[in-house]
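J.: Residue numbers (my numbering), protein chains in the order written: chain X, 1 to 337; chain F, 1001 to 1337; chain B, 2001 to 2337; chain A, 3001 to 3337; chain E, 4001 to 4337; chain S, 5001 to 5337.
Don't read these hints as lab results, they were simulated from the structure.
Careful: at least some of the hints might be erroneous.
In silico lysine to any residue, SDA-like type, Cα no more than 20 Å apart, as pairs [as the list claims (entries may be wrong)]:
no., chain 1, residue 1, chain 2, residue 2
1, F, Lys1211, B, Pro2135
2, X, Lys288, B, Glu2275
3, B, Lys2195, A, Gly3331
4, B, Lys2274, X, Arg273
5, F, Lys1274, S, Gln5329
6, B, Lys2274, X, Gln286
7, A, Lys3134, E, Arg4337
8, S, Lys5160, S, Arg5012
9, B, Lys2274, A, Arg3249
There are 6 protein chains.
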Amino acid sequence: METLKVGVIGLRIGRQHLKNFEECPEAEVVALCDIDEARLEELLKERPGIKGFTDYNKMLKMRELQAVSVALPNYLHCPVTLAALKAGKHVLCEKPMAMNAAEAEQMKSTAEGLGLTLMMRFNMRFGATGATLKPLIEAGVLGEVYHVTTTYTRRDGYPKPGGWFGQKSKSGGGPLIDLGVHRIDLALWLIGYPKPVSAMGNVYDLLARRKLAGVDFDCEDFAAAMIRFETGCTMYVTASWDGHQPVRRELSMRIYGTEGSVFERDGQLTLCRKEHGVPTVSTLDQQKPTETEQDHFVRCVLEGLQPGPTAEHGVIVMKILDAIYESAQTGREARIR
Amino acid sequence: METLKVGVIGLRIGRQHLKNFEECPEAEVVALCDIDEARLEELLKERPGIKGFTDYNKMLKMRELQAVSVALPNYLHCPVTLAALKAGKHVLCEKPMAMNAAEAEQMKSTAEGLGLTLMMRFNMRFGATGATLKPLIEAGVLGEVYHVTTTYTRRDGYPKPGGWFGQKSKSGGGPLIDLGVHRIDLALWLIGYPKPVSAMGNVYDLLARRKLAGVDFDCEDFAAAMIRFETGCTMYVTASWDGHQPVRRELSMRIYGTEGSVFERDGQLTLCRKEHGVPTVSTLDQQKPTETEQDHFVRCVLEGLQPGPTAEHGVIVMKILDAIYESAQTGREARIR
Amino acid sequence: METLKVGVIGLRIGRQHLKNFEECPEAEVVALCDIDEARLEELLKERPGIKGFTDYNKMLKMRELQAVSVALPNYLHCPVTLAALKAGKHVLCEKPMAMNAAEAEQMKSTAEGLGLTLMMRFNMRFGATGATLKPLIEAGVLGEVYHVTTTYTRRDGYPKPGGWFGQKSKSGGGPLIDLGVHRIDLALWLIGYPKPVSAMGNVYDLLARRKLAGVDFDCEDFAAAMIRFETGCTMYVTASWDGHQPVRRELSMRIYGTEGSVFERDGQLTLCRKEHGVPTVSTLDQQKPTETEQDHFVRCVLEGLQPGPTAEHGVIVMKILDAIYESAQTGREARIR
Amino acid sequence: METLKVGVIGLRIGRQHLKNFEECPEAEVVALCDIDEARLEELLKERPGIKGFTDYNKMLKMRELQAVSVALPNYLHCPVTLAALKAGKHVLCEKPMAMNAAEAEQMKSTAEGLGLTLMMRFNMRFGATGATLKPLIEAGVLGEVYHVTTTYTRRDGYPKPGGWFGQKSKSGGGPLIDLGVHRIDLALWLIGYPKPVSAMGNVYDLLARRKLAGVDFDCEDFAAAMIRFETGCTMYVTASWDGHQPVRRELSMRIYGTEGSVFERDGQLTLCRKEHGVPTVSTLDQQKPTETEQDHFVRCVLEGLQPGPTAEHGVIVMKILDAIYESAQTGREARIR
Amino acid sequence: METLKVGVIGLRIGRQHLKNFEECPEAEVVALCDIDEARLEELLKERPGIKGFTDYNKMLKMRELQAVSVALPNYLHCPVTLAALKAGKHVLCEKPMAMNAAEAEQMKSTAEGLGLTLMMRFNMRFGATGATLKPLIEAGVLGEVYHVTTTYTRRDGYPKPGGWFGQKSKSGGGPLIDLGVHRIDLALWLIGYPKPVSAMGNVYDLLARRKLAGVDFDCEDFAAAMIRFETGCTMYVTASWDGHQPVRRELSMRIYGTEGSVFERDGQLTLCRKEHGVPTVSTLDQQKPTETEQDHFVRCVLEGLQPGPTAEHGVIVMKILDAIYESAQTGREARIR
Amino acid sequence: METLKVGVIGLRIGRQHLKNFEECPEAEVVALCDIDEARLEELLKERPGIKGFTDYNKMLKMRELQAVSVALPNYLHCPVTLAALKAGKHVLCEKPMAMNAAEAEQMKSTAEGLGLTLMMRFNMRFGATGATLKPLIEAGVLGEVYHVTTTYTRRDGYPKPGGWFGQKSKSGGGPLIDLGVHRIDLALWLIGYPKPVSAMGNVYDLLARRKLAGVDFDCEDFAAAMIRFETGCTMYVTASWDGHQPVRRELSMRIYGTEGSVFERDGQLTLCRKEHGVPTVSTLDQQKPTETEQDHFVRCVLEGLQPGPTAEHGVIVMKILDAIYESAQTGREARIR
């Protein structure tokens, strides 16, 4: 069996990339990179054959290295991905794709120009909710979809105060770009990625301002927006790191279609239809996913396939995020091109 | 005790107006009006002292008549209210205030010019949800409110097919103007009626088009919109007469504030806060309202008070509805002045 | 509108027949009959135009009478139905059809010979469970049905001790013929009335023997049987008037098919399927029936249609009951021809 | 303390036998046997003192070996048990006892003739349900038992496709002989093993035929039957490897008696009685079993006692299974001698 | 059938006495008495044959009157009962028996001296809880009872502010004498009325003091006490008209015995036992009472039987109440003789 | 960072002391003591630097040892604590403080005299219930507290039969001193440790007497008491090792205050209030404790602070226990000085 030789750049969330690659029979991890030497050493010492780097540019010079995972803070997604592509490596890039759509488009066109695979790590597609809903929706159980809501809100769920997550210059924004990005991609993927035309919304930092006084934090704590698609379909999205709510974390989604609607609530899936004149409310049995996002990336590179979460999708999501942040600032709808 | 002599114009939903007036010790019903003679006679025969009319213009000539309820199809709210005001009668007008904001403003200015009371019948304010939440919110339990959602959706809940409800020229629209109007007023009233500046949304008739083929129906069956207020606060609203959902009727509302959030679900009220460092989730005991909307109208007229649901409020809600319908048509945000 | 002139014979359960006929716009009740004069008079005095009889033979001589309901103790179903048919009247006969299949077949052939309608009052078909499941099953949601269970069991639910219900010579048996008859017909109707070929089971009176010592009672209190159909399909049925169980009354049914199974429990309906690879468990919204059994009878007679619950169905159910009682007595399987 | 020297033949399910023997202070495992050398070696390498065999005949020649567990595919239960007995070893045999009652009787008479212990591994008796119900039923809380139902059904729960489980020549049948056997023994043991006189039922492979096309599979996927006992008591049994149902696995049982009934549902136990005139519904606290089936076997051999699950019980269960399969084939009741 | 000629004195709660007497075939109401003429007239005008009085002394002079219900404010129970007894009438007296034990004993000895029936209206004994528990406890399911708790607490459940209930000189006290009296009698009756020897407790008016400022109110709003019986058994009792609690009304009771315990919660009854080594938790089916307290009184008088709720029981309960109030005042245990 | 050098005396429950000390960065365990050498060795062999003792007197001679945990059977708490104090060591003493209040006071005055820290190990204060309720109650959400109930009851939950727990000469009593002690301290701490003035109650051994016949056991199995405080506040407490109840273990508490009440049930916390006229029922989010009791002890010793669970509190609890046991014996209220 042919295997893909991969490396991981950034070993915080990248630790999960590493683990998944190690469980994938078609991948072989040959290099790891992190600027924190201690973190790097800890992982290397149990993995004798793997090379370690604190400078990703050096790592990218490894001949046998065929592909890399970019698992760095958001502001590094673009430069490191570009460097990797230019070094001839396929790239699996953490979400969000970049700091903004302009960066994302540059990444996309670079990959296309070089004929390399650039896949977004939208890992929610590879969870049980996606595995259960996708075949049903593709089979047409919802008919034509006209409205969607999607939510990912936390109570008192800020990332570590003082870290890069809360600094807009490094993260690009708060819960919208951190959590909302997942939910927007999942919903769009399920309904076939219609083209967005505009967004209107707002972001707030009223709770953060009080709680995090004195901390280096200039992101929103809550975001809400409405997105309109070319098809006329609309989507309401909310994301937060904080807010008064009954549970610590709420993940929910509603998709309204002409033949049926789906209601998701923390992984519980309900399908509402009218069958032969009888309204039915169906609980869906959660299906186990068949591959991880790493499995998928490796398989697509090896077989020369387009991966599910394309750079195109990454760009579309970034455009939506840009538009929402723009609308929040101008107080007006933002158009998406 | 002084009493107010009232009449009711339109005896379908007006039957409820009548009943409430009859239970109000300070009101005396002296006249009823409906173009359907049978319906009128049925009510008059048990009420010997009351005069009946099939022409509201004749009724408005009654000297002793001091106030009227206008409980007619939407397109008649404006002309009949104007006629009543011009005849010197105080008016309690059914929701929605009119077919559009222009009509509504004319009604408002006429009443003001004549020094007469014009109250909107936003009766949801007079239910248990309002009676329970209003004192708490007024006492500040939510702090500063920044986001609101409000929903009134039905499954297979069209008004009688073929009737005026489904004809846009008589109703002004579908579930948004019929049901959404209630929820928008209730939410705005609870949070202090901030000034709306724009709306973006869409309306759909995908289910109705199939089910009601052959019926005189040109309204939406589902509407969704985002409204932005001068304060920066945003509101997400949905309303429908049809749609696939687990229950026949869903009424829900969320109000997010800096000190607390309220979640309403079909009358169940939950208040989420952080008290002395401990997140608390409180079920609120439903409070009995102290007066009906008719009691309130009568009391305000007799005591020369401004009623709670003012013409001003009616106008604001109509502007929001106008903006949502406009946005649905243009595919762009609509500004509200 | 043409109406059907009907009479009711037997005014205990017949009171419900009467009520239903009175609410049916196409029926006109012209005669009532009961041997208990007081009971008869009580009903007649509020119904001035209706004739009363204590002898059904006299009633059957009424020219204008076109149809009768037979609502008498079981042992009278056959003789009175025969008399009515011979007098040229259409007949709606209470369940069970008769004391045994031989009587039932005589009733059926008499009606056929005279070209008159003979409908069985299997009223469970006209309830919400039937109204909900029938369209779904007819549309094929279950695929091929291979096994069915049906239950109607009571705890301490004997009919009035000492009455005809407990005397086998008048009732034909206990809960099996009283309650089981309903459930067997309902299940068979839903799955398309396959032809039964054999039954094996037993009946018991262990609880009744203790509790009803000294009372005129010689029926079973519990029955359980397995029925085999020509298609290979099997059915498990239980019925009781008494037994230790968690609830006072249990009504349940399971229908196993290749494409789906239905589970009924006290009116709650669940449909289990595998759709596009995903197991779904659907709660069905209870549908309101569109006509009562009396409406159906009247409509079928007036329009010359075969009613749903035919004499043929009545005969099949009686054959099954005969076979179960025979098996209980012989300790061996009983064949059904 | 005297110990029993035991061996295990077959190390798939036999791995559980091994584990239980190892936790039993009175047993000493001295030999293991499996035709798969790798599987055997894996277990032996952590157990230095134990001898390994790939040929059970060789193992049976070990002098010090006193008893063996036979944990092989069903078609080997009889020949291997006979060989073991003839070699003078006591035998603990996996369920089902054999391929049919004839084999089972030969095993039983051989053991009796040689004065050796032959115990069936009906391990459900040694679970919490048995430990809780047995003392209550023995104390008479149910009075006289007259009807029993028992169920073990799975949704999409086939054993590994292509293996011996699905080949009738090796397994003797499908879920009835695999799962039903457990439930039938458990129910019979609880009610005192009445003598069966006949069975009627059917087996189906409608779902398997579709799903497992191309796989070596000729067993049923669902079985349903009614069994009659000499006492007049009846038992309804179902077992399946597949079928549309709300849960992946349903285990249930009902036992109806004159003084009380027991309802089991996935281990939850409810006892319904009438006490001093008051119906009571009691939840039973699950009792921890006091010994495993291996403990029991070892203790009985060492103390010269008859084990609970006797060869006699194994034979009775096989007769019932034979009769159900016969009835399924002939379409008629099968008598049991 | 012989009937008992009865009268009712006091027509507030007495209205329920009247209703019960009217439904009792063995009673004939011949006289009614109330100082409020309007209230009296309203009841008399629909009851032509019954005599009305505003002065109970006059009523007591009626020859044919055999028995009276005393349904007056607490401070009148003693004088009116004494007057009635002296007039030769049997008496059914509302709870509490009197203002204190001294009065109660006088009533008891007077009735005994005159050979007349004096029954306490402890109507909780005649409800479903009593009807269900009494036969079970009498049959010994609890064994020896050693501890009891009983509670009747309300949230914001004051009797009409300003009425006699809140004036200690007319009521004798607050919720303890109003509500606690019911629960104490019920519990004592169920466990066989052991002899109390002491009580310790306290009463509070902390909430009432704030809420009812300005109202004529000098009773407690909450009471809690421990009572000790000669048998060593102890009882914890609480009663309130106000207090912060999750529900508007809590009624609960626990009875701990050597063979079983009973837990009551708002009418839900649970019996906990250990049967044949297995802990069982049984839900009890609520039994319908067979007679009302009025039926019981009438039957006992007519048949010359001692009624269940004797004057003796009334005296014991009054002694307990006296002791609790005394302990509250002294801050020390009060002995009961 | 300065650390405290500690030792643990008694390694049964002391094992938990050890574990907590080891996780406390400011503590260093230098010595362990147990009379059971095997138990001691097992712990020492994984802890090379720690010294082991079988005689606590020898251990107390260690110079560097600064503080000890006393985790011995109850009758040893006093003598060992005294010895440790006299050896100049700070002491963390397991609950209950001693066999009686006299011992406890001696311990307290010795510690005070020597200026050493003596802290009670009331570890329930350091659990989630305490961490959640304490800040709310301190902030005044309950207002003035007037009544408390607290319960810790087990079903069939005796400590190991035959051990010291059941011998009154070694344990001082049964569940009251073993479990009740925890609950009494927790409740008193939450409400501010009011001064107790009297107690009345009883203890029982009715179940134990039957079950534990032949075992060395002379304690109660159930205790119930009422305690009165100087403030007028009362407390009802129960504790048991056995009793018929629905669950194996019940832990509950109610605290009634003028502004709110708290209901605890097995860790679930509910706060009932009336806020702005609306009754609210709030579920409290369980807060994670910030330190263990060992952390607290170490921190207080190092920083020279008075620990939360003082010797004073230990003495008060012992006085209450003494009074309850006295009341049980005399049948009369016991005064507490």
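J.: With reference to the structure, classify each hint as holding or not holding.
T.: Against the structure, the hints come out as follows:
Pair hint Lys1211 of chain F plus Pro2135 of chain B holds up; C-alpha atoms about 18 Å apart against a cutoff of 20 Å. Among the hinted pairs, Lys288 of chain X with Glu2275 of chain B is consistent with the structure: their alpha-carbon atoms are about 15 Å apart, no more than 20 Å. Among the hinted pairs, Lys2195 of chain B with Gly3331 of chain A is consistent with the structure: their alpha-carbon atoms are about 14 Å apart, no more than 20 Å. Distance hint between Lys2274 of chain B and Arg273 of chain X is fulfilled; the C-alpha atoms sit about 15 Å from each other, no more than 20 Å.
Straight-line distance between C-alpha atoms of Lys1274 of chain F and Gln5329 of chain S comes to about 48 Å, which puts the hinted pair past the 20 Å bound. Distance check on the hinted pair: Lys2274 of chain B and Gln286 of chain X sit about 12 Å apart at the alpha-carbon level, within 20 Å; holds. Of the supplied pair hints, the one linking Lys3134 of chain A and Arg4337 of chain E is violated, its CA atoms being roughly 52 Å apart against a limit of 20 Å. For a cut-off of 20 Å, the pair hint linking Lys5160 of chain S to Arg5012 of chain S stands: about 13 Å separates their Cα positions.
For the hint pairing Lys2274 of chain B with Arg3249 of chain A, the CA-to-CA distance comes to about 15 Å; that is within 20 Å, so the pair holds.
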